[in-house]
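*Asks:* What follows is the residue order along each chain.
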Amino acid sequence: MSGNLAQAYAPLLIHLLVALGLSAILLILSSLIGQHRPTREKMQPYECGITPVGDAREPFDVKFYLVAMVFILFDVEAVFLYPWAYVFRELRWFGFTEMLLYILILLAGYVYLWKKGALDWNPSKTQRDRQT
Amino acid sequence: MTPQLVIFLVLAAIAIAGAVNVILQRHPIHSAISLISVMIALAGLFLLLESEFIAVVQIIVYAGAIMVLFVFVIMLLNAGAEERTNMSRMARYAGVPLAIFLLIELAYQIGAAALSMTPQPLAEDVTRRLSMLLFQDFVFPFELTSILILIAILGALVLAQRGESVPAKGGPKTIT
Amino acid sequence: MNDTIARSILVVSLVKVVVLLFLVLTAVAYLVWFERKVAAHIQGRWGPYRVGPHGLLQPLADGVKFLLKEDATPAGVDRFLYFSAPLLTMTLAISAIAMIPFGPASIHIFGIATPLVIANISVGLLAIFAITSVGVYGVALGGWSSNSKYSLLGGLRSSAQMISYELSLTLSVVGILLLAGTFNLSELIMRQDGYTWGHLPKWNLLNPTFPQILGFFCYFVAAIAETNRAPFDLAEAESELVAGYHTEYSSFKFAMFFLGEYASMITVACLASILFLGGWLSPFPQTPGLDWTRYLPAGVLAVAGVALIIHGVRYINVFGRIALPVLGVILGALSFLCSQPGVIDDIQGPFWFLAKVLFVLFVYVWVRWTLPRFRYDQLMRFGWKVLFPVALLNVILTSLAVVMRK
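Residue numbers (our numbering), protein chains in the order written: chain A, 1218 to 1349; chain B, 243 to 418; chain C, 4 to 409.
It should be emphasised that the hints constitute simulated quantities derived from the structure, not laboratory data.
Glycine included, each C-beta is placed from N, C-alpha and C at the ideal position.
A couple of the hints might just be wrong.
Which residues of chain C face chain A? A few of them, derived with a C-beta cut under 7 Å, are [to be verified]:
(1) Ala78
(2) Ile97
(3) Ala101
(4) Ile121
(5) Asn150
(6) Ser151
(7) Thr250
Far from chain B by the CB rule (all over 10 Å, computed), these chain A residues [stated by the list, open to error]:
(8) Glu1294
(9) Gly1326
(10) Lys1333
Input sequences plus hints: build the corresponding full structure.
*Replies:* Here is the structure:
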């Protein structure tokens, strides 16, 4: 790493370390100062006053997985847009055309997701009818 | 020791320790967290090589997007702590020697290559050079990635919807 | 690099970091006070009033109380993750601010000139996004490790929401990158210098090539969702999820999630002012007719100081009758300082920057106490079916405008 880069990033590293240290001190301080009087009821997970039923770590809907998956894919697209925007003034029409093509191909995937109802959180009425 | 070397050794130690920890941890979510720390240490190594853009993208894409999916899937499957089994005989008599051999081979090859390499002078603006390369010389592979992503979108949808149609009635209840 | 120079730079940045973190934490504490006050007045109440005059000491009391509260750790939590989630949230939230430049001038610490920014790096904007993208884990792991159904559901919902809106957030600024061609935040501000037709500032929101109105809309909405605030605070929808991912957190661990939320609010407000509102640039051109605007910082402080003194002497209790006028006198002294020839030019940048940040923060609070909460399916539909295409459209239109203009 050259001197300039080190000069720019060393303060960031210091900032991160100080921030981490500060947070850790606050965390430790509060557990030292705060009182500890555990009772069986207090240690139960909160379920509005009712005795907890079953384990909290139940399997959940596959939609969360789909959202994360679609996010990754479009995030990769967004990441490509950054270097493209960085040099766009030099690329001119060539850059515009290649990115338009790129976006259009991905837009086909987006439209497909939309039509298949993957972007709806609740299944649409037609899908519900098909399932039952 | 120069400061660079100290930083390199610290980051490399974090990366290796994290990678080993991925295997040693029994709960998958702890393994995932270790993997995230490996990704961040790798970003630091990229930074040490003056590739600021790659370093940041490494965090945004790997630590911030792909590992989120990992964590989600671990939660989705509600994978509990794994059970330890005794090492199989195959692993003990074939795996361990092969692993040691691979390690020696890698160390030798990388060591030999590193000695014969000379550092190349960097471009004035590394991010600009990278972008120009990507969008001028490698236009075709770049456009191909969009098709790759398109296929991945279709694949994700097929996988997710197959899972959805199974528990229509009487199946395990899921939380939304 | 010379060793002594290197060491003095490290010392200087350490001083800057400590001062900035102190200011940020104070600002966060008073942002909570500000939000409670604004909320109260929107609803026709008084808000905090008991602790100190106008509740000005309330943040201090809250902080002490958080420290003294029982530190209850529920049974069945994953202890390592349970403790690291708030740690991660707070550390990342107060770290993103290191990239924010507060003004164009340099300050002198131990005789070394140093800019009003901690890390002036060439990929500053992306580094902030990198830090926010890792922030998702604080929420997801906090929810998962608590071993409570409400926490798990809140954490999941919240992280799904954060990643969905992060996409629109990252896309909404591409238009600005197309116009400016740099990732460095100071340079991004300097590219917005100048005035269209002599008066209209060339801020990116009003850029003559292609005004980033769509981009600003996307950024603003996505930033609200990204910081988990109303009307997108589904993570802590108390009517259905108690408190969401931090249901099982008590004492200062809870406060750390809170501090994190407000610190990221300040960061996104700073970013909004840098990217769209011209950062530290004054909205008035320094032409002979308008150069009186240089005295605005001093004027605002003077008016506030005089108002505080007049109001303070008639306050309902003795403490207020002493404290408020003293505060007013301090503001008056600051106002005098700001009108001095040596200071007046240096104060312009930070003044306009903070004024814009405060304005954005006020709109945030205003939105929170005006709009009802979205339903979760509405939230996801809005993010994916409205915000994402609009942000993409903004990218295409801006690039078309840029390429046609040259």
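*Asks:* All the hints need checking, so say for each whether the structure fits it.
*Replies:* Against the structure, the hints come out as follows:
Because the smallest distance between the Cβ of Ala78 of chain C and any Cβ of chain A comes to about 4 Å, under 7 Å, the interface hint for this residue holds. Annotation: interface hint on Ile97 of chain C holds; nearest CB of chain A at approximately 5 Å, less than 7 Å. Interface hint at Ala101 of chain C: satisfied, since its Cβ lies 4 Å from the closest Cβ of chain A, which is below the 7 Å cut-off. The interface hint given for Ile121 of chain C is met, as the beta carbon of that residue sits about 5 Å from the closest beta carbon of chain A, less than 7 Å.
Restraint check, Asn150 of chain C versus chain A: the minimum CB separation of about 5 Å is within 7 Å; hint holds. Hint on Ser151 of chain C holds. Least Cβ distance to chain A is approximately 4 Å, under the 7 Å limit. Satisfaction of the interface hint for Thr250 of chain C is found here, the shortest Cβ-Cβ separation to chain A being roughly 6 Å, below the 7 Å cut-off. Its beta-carbon lying about 7 Å from the closest one in chain B, Glu1294 of chain A breaks the requirement of being farther than 10 Å from that chain.
The claim that Gly1326 of chain A lies off the interface is violated: its Cβ sits roughly 4 Å from the closest Cβ of chain B, which falls inside the 10 Å cut-off. Chain B draws Lys1333 of chain A into its interface by the beta-carbon criterion, the shortest separation being 6 Å against a cut-off of 10 Å.
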